[in-house]
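Full structure from sequences and hints, please.
4 protein chains.
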Amino acid sequence: MRDHACLIVYGPDKRGVVAAVTGLLARHECNIVSLDQYTDNPDGGDYFQRVVFTRPHLTAALPELESELASTLKPFDMEFKLTDQSVPKRMAILASTSDHCLLDLLWRHRRGELPVTVPMVVSNHDVTADDVRTFGIPFFHVPSQHGPDKSQSEAEILKLLAGNVDFVVLARYMQILSNDFIEKVGVPVINIHHSFLPAFIGAGPYKKAKERGVKLVGATSHYVTEELDEGPIIEQDVVRVTHADTAVDLARRGAYVEREVLSRAVTWHAQDRVIRKGNHTIVF
Amino acid sequence: MRDHACLIVYGPDKRGVVAAVTGLLARHECNIVSLDQYTDNPDGGDYFQRVVFTRPHLTAALPELESELASTLKPFDMEFKLTDQSVPKRMAILASTSDHCLLDLLWRHRRGELPVTVPMVVSNHDVTADDVRTFGIPFFHVPSQHGPDKSQSEAEILKLLAGNVDFVVLARYMQILSNDFIEKVGVPVINIHHSFLPAFIGAGPYKKAKERGVKLVGATSHYVTEELDEGPIIEQDVVRVTHADTAVDLARRGAYVEREVLSRAVTWHAQDRVIRKGNHTIVF
Amino acid sequence: MRDHACLIVYGPDKRGVVAAVTGLLARHECNIVSLDQYTDNPDGGDYFQRVVFTRPHLTAALPELESELASTLKPFDMEFKLTDQSVPKRMAILASTSDHCLLDLLWRHRRGELPVTVPMVVSNHDVTADDVRTFGIPFFHVPSQHGPDKSQSEAEILKLLAGNVDFVVLARYMQILSNDFIEKVGVPVINIHHSFLPAFIGAGPYKKAKERGVKLVGATSHYVTEELDEGPIIEQDVVRVTHADTAVDLARRGAYVEREVLSRAVTWHAQDRVIRKGNHTIVF
Amino acid sequence: MRDHACLIVYGPDKRGVVAAVTGLLARHECNIVSLDQYTDNPDGGDYFQRVVFTRPHLTAALPELESELASTLKPFDMEFKLTDQSVPKRMAILASTSDHCLLDLLWRHRRGELPVTVPMVVSNHDVTADDVRTFGIPFFHVPSQHGPDKSQSEAEILKLLAGNVDFVVLARYMQILSNDFIEKVGVPVINIHHSFLPAFIGAGPYKKAKERGVKLVGATSHYVTEELDEGPIIEQDVVRVTHADTAVDLARRGAYVEREVLSRAVTWHAQDRVIRKGNHTIVF
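Protein chains in written order, with the UniProt record's numbering: chain G, 1 to 284; chain P, 1 to 284; chain X, 1 to 284; chain Z, 1 to 284.
Derived by calculation from the structure, the hints in this document are not laboratory data. Careful, some of the hints might be misleading.
Covered by chain G, according to a simulated footprint, are these stretches of chain P (three or more residues, beta-carbon under 8 Å) [unchecked claim]: (1) 189–203; (2) 214–220; (3) 242–252; (4) 271–284.
Only pairs whose alpha carbons sit at most 27 Å apart, straight line, appear in this in silico BS3-like list of lysine-lysine [as the list claims (entries may be wrong)]: (5) X:K74 x X:K14; (6) X:K277 x Z:K208; (7) X:K89 x X:K159; (8) G:K208 x P:K207; (9) Z:K14 x P:K81; (10) X:K207 x Z:K208; (11) G:K207 x P:K208; (12) G:K74 x G:K277; (13) G:K277 x P:K208; (14) P:K14 x Z:K81; (15) P:K208 x G:K208; (16) P:K207 x G:K277; (17) G:K14 x G:K74; (18) X:K208 x Z:K208; (19) G:K184 x G:K81; (20) Z:K277 x X:K208; (21) X:K207 x Z:K277; (22) X:K277 x X:K81; (23) Z:K207 x X:K277; (24) G:K14 x G:K81; (25) G:K14 x G:K277; (26) G:K81 x X:K14; (27) X:K81 x G:K14.
Ideal Cβ positions, reconstructed from N, Cα and C, are used throughout, including at glycine.
Here you go:
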């Protein structure tokens with residue numbers, strides 16, 4: 001994505017913002033590659049826009065573009081975020097013993113399909129260490145503390161992440177992160193929940209799904225917030241099951257939905273396609 | 001389905017029951033058309049079997065078959081239900097103002113795709129009366145009572161149904177039936193709920209779905225029990241939505257999932273494919 | 001869609017066109033509701049844009065807008081089409097004996113989900129006449145001529161359509177229209193083919209699908225061109241089948257895919273979401 | 001699957017075969033775990049049955065069971081195949097440079113989800129050698145011959161396979177096997193084709209799909225026969241694409257459908273769920 005930039009604009013909807021932004025880009029000889037926009041309420045709602053554009057010698061031009069965007073958007077009272085798409089985001093993965101989501105992310109990364117670098121995998125177990133290192137990725141083993149206080153192991157993880165990552169993915173990481181951790185980590189954290197949220201919140205969703213006798217099981221990728229399994233949903237999908245599937249079968253079939261859903265969510269986040277507003281996401 | 005019968009066998013799993021049943025059918029010159037079976041737990045679980053078979057002059061032979069099945073299955077401690085598939089089940093439909101599920105059922109029935117007769121449609125509104133009668137189906141208007149006590153209108157509906165129907169379908173009937181009604185009606189009642197249960201139980205599921213920001217909406221058809229939206233699920237399905245869909249859009253797209261899910265559930269019930277055990281269904 | 005307009009712009013890609021168009025709209029106090037764009041080749045490809053916008057007293061303002069757009073887009077060498085979305089397109093339906101696609105379109109239209117008027121249904125059979133007229137839609141019976149020459153019945157249909165319709169939908173119309181008809185009709189013609197094209201081109205696709213032993217059957221909606229089943233595809237979908245489904249079962253299950261696919265294609269066409277380029281469609 | 005056996009019975013349909021087979025199993029104290037059956041034509045068609053059953057000390061009992069089955073089925077003129085499910089099938093994988101199908105199979109095998117052993121991976125390239133050996137699987141590099149005559153490299157592969165494998169999987173193996181090879185290999189060969197067959201037979205299906213402007217791309221797993229891409233289909237699936245996807249995007253999205261479809265086909269084959277009749281499969 002050499003010489004590609006992504007511009008996100010958002011704020012209270014006002015007439016003329018598309019013209020203002022695209023006019024500025026045209027004057028700077030930028031070529032628009034894609035443009036998406038959305039207003040969540042035609043009467044006084046918020047406006048969201050994503051533009052991807054190219055320009056020769058983009059990196060050198062970014063500071064001036066940034067400053068002009070600031071003055072252009074000030075009268076509109078809108079905020080913006082301009083990112084150089086030639087710089088991949090740095091993604092840390094937290095995992096436990098399950099490898100299906102973890103390995104799928106590492107494969108896709110190696111295939112060149114995820115626009116990220118992976119500076120580290122951190123796990124509270126060491127069973128996946130060899131697999132991870134085969135991909136040339138550093139693996140750190142941080143065992144979970146026994147008992148409800150996880151502050152020491154969380155501190156150790158925070159120290160590894162600090163300054164090194166742009167977002168964190170919980171690839172079936174089976175520890176509940178404390179609110180303190182989520183606050184301190186300072187970057188978005190993406191989780192994969194093994195159910196079609198809001199059904200079967202909390203632990204053991206496949207067992208609960210079997211007990212309720214559902215005919216589809218699903219997976220949900222969402223941003224982690226202080227309320228467990230209540231963060232903004234990025235992506236979801238389901239797969240058909242029958243009465244003959246045991247809870248173990250559900251977990252097995254669900255695993256393949258989990259890895260697809262998580263990889264889509266991670267890709268879209270890495271491409272700056274996901275904008276959060278309250279407990280919702282706009283996915284362009 | 002002339003000369004076709006369906007035999008359902010169920011009870012605590014024991015070795016030899018398939019052989020006993022199919023042996024009996026072979027001795028009576030019955031041709032097995034399909035056979036499905038399922039044991040919900042290999043160690044001491046329950047056994048469920050569905051056999052469809054044909055035999056010349058079936059109706060005349062049924063009483064003897066029934067009596068021999070009773071003696072054959074007695075040592076196995078299993079129950080059975082033998083139905084003549086040339087006799088379609090009588091299905092009453094309860095509806096309100098929405099017509100998408102109602103008309104889809106009537107139209108599939110007219111196409112010859114639902115193995116049922118439709119002796120009546122009962123509605124608490126009269127807006128669909130002309131449409132229903134165009135299909136040659138009797139329409140009865142039973143307005144809902146105001147206030148929490150619905151005993152009088154429910155009594156009127158029960159009187160219409162009594163002795164005339166084999167099962168009842170709630171095709172987006174927007175009244176909650178009392179436990180008293182469910183007890184007295186004496187036949188299975190199938191509902192279509194406009195969400196992917198157990199998510200968004202109760203009223204206004206599309207509004208709740210919009211508020212939660214889900215990426216799929218769904219529909220669930222289930223048997224009605226005394227607990228609202230908690231009965232055994234027969235069938236479910238979902239459709240993809242985006243942030244740009246309003247709650248009205250969700251309802252609109254969901255409507256087409258509802259009609260598909262309900263018609264599958266009704267077809268399977270009418271074909272004796274659905275067996276209930278506790279809060280679960282086995283769908284053969 | 002009062003005071004809503006849709007602007008389609010297309011031609012060889014050039015920098016600055018988004019800015020030019022949105023700048024013009026801003027000067028005319030138009031509010032952009034949605035904007036989609038696509039370039040089919042970053043190096044010298046074609047550019048396609050769809051903008052929906054609102055403006056008070058739109059109808060009165062359209063002529064001036066149209067003339068300014070012409071001058072604005074001239075230096076870009078681009079063409080455009082500006083439509084008043086408060087004026088629904090007039091859709092004629094051609095049908096034969098199958099009613100599933102026909103009735104689904106009429107239902108959706110009556111529910112207010114299709115932004116069209118339906119001035120007429122024309123059929124070479126009269127079996128659906130009563131159903132169609134129940135919806136308050138005129139029904140014309142034009143029997144097909146025997147033999148290969150259909151010029152007289154086609155002339156009769158053309159006379160009915162002339163000046164009265166903006167597009168034609170073949171809702172399982174079982175006659176092959178002559179090239180002469182397609183040329184003379186002068187409006188887009190949308191067909192639903194009962195297979196996942198390009199598999200099973202021509203007659204009897206479900207029979208061919210059964211013979212080949214496929215595990216999915218599908219439907220394809222496309223614009224009709226002079227080459228049978230080769231026109232630009234608008235929408236496709238599939239449904240799972242098994243070895244146990246007969247060719248009749250495939251047709252039955254496929255019918256429900258056909259009606260969904262056709263109604264999506266018709267909706268998108270009616271909303272000016274579909275742009276044709278050669279044998280392809282861009283669907284915004 | 002200790003003490004589990006699978007019995008396949010097939011031949012011209014006759015009344016009483018279920019009773020005969022299940023009666024024999026009951027007399028031998030076998031517990032039926034699952035039973036599926038299918039008749040492809042109620043009037044003089046063929047009958048197919050699959051029974052999975054358990055019995056203590058199964059292996060010791062198999063020879064006697066086999067001999068009694070032979071006498072029992074003789075009057076029915078039916079053939080059968082009895083397999084000990086505690087003995088996993090030996091699966092060789094042939095691959096080229098693409099790793100998505102190959103690694104997915106190896107990873108599912110390691111997770112214990114494929115009831116097979118993998119005695120070897122053979123490839124005409126060596127790029128996947130390290131990955132394969134990380135899973136503890138032998139890797140053999142057999143470069144393809146230049147020119148149309150591949151007899152020498154095929155002979156080398158045949159020598160590796162001979163006596164060592166029960167079936168062969170072509171996991172995106174980019175060489176066309178000669179009819180001579182298919183005859184000599186003597187075991188079923190399963191291929192994954194990167195399109196929804198019979199659409200886009202032959203090379204470059206994603207490019208052809210882009211050219212035709214389809215809205216879904218798919219994958220097909222089938223048994224290899226002498227006619228290229230014409231063998232009996234085991235499984236198919238599709239994924240939605242848009243006008244904005246390039247041929248490279250189609251290949252990328254299709255890759256994930258390929259790995260799912262191939263792994264389902266391989267699993268079902270390994271579990272003796274797939275029966276071939278002519279160019280069709282019955283999948284129980």
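Exercise. Of the hints stated earlier, which fail here?
Worked result: Per hint list: zero violations.
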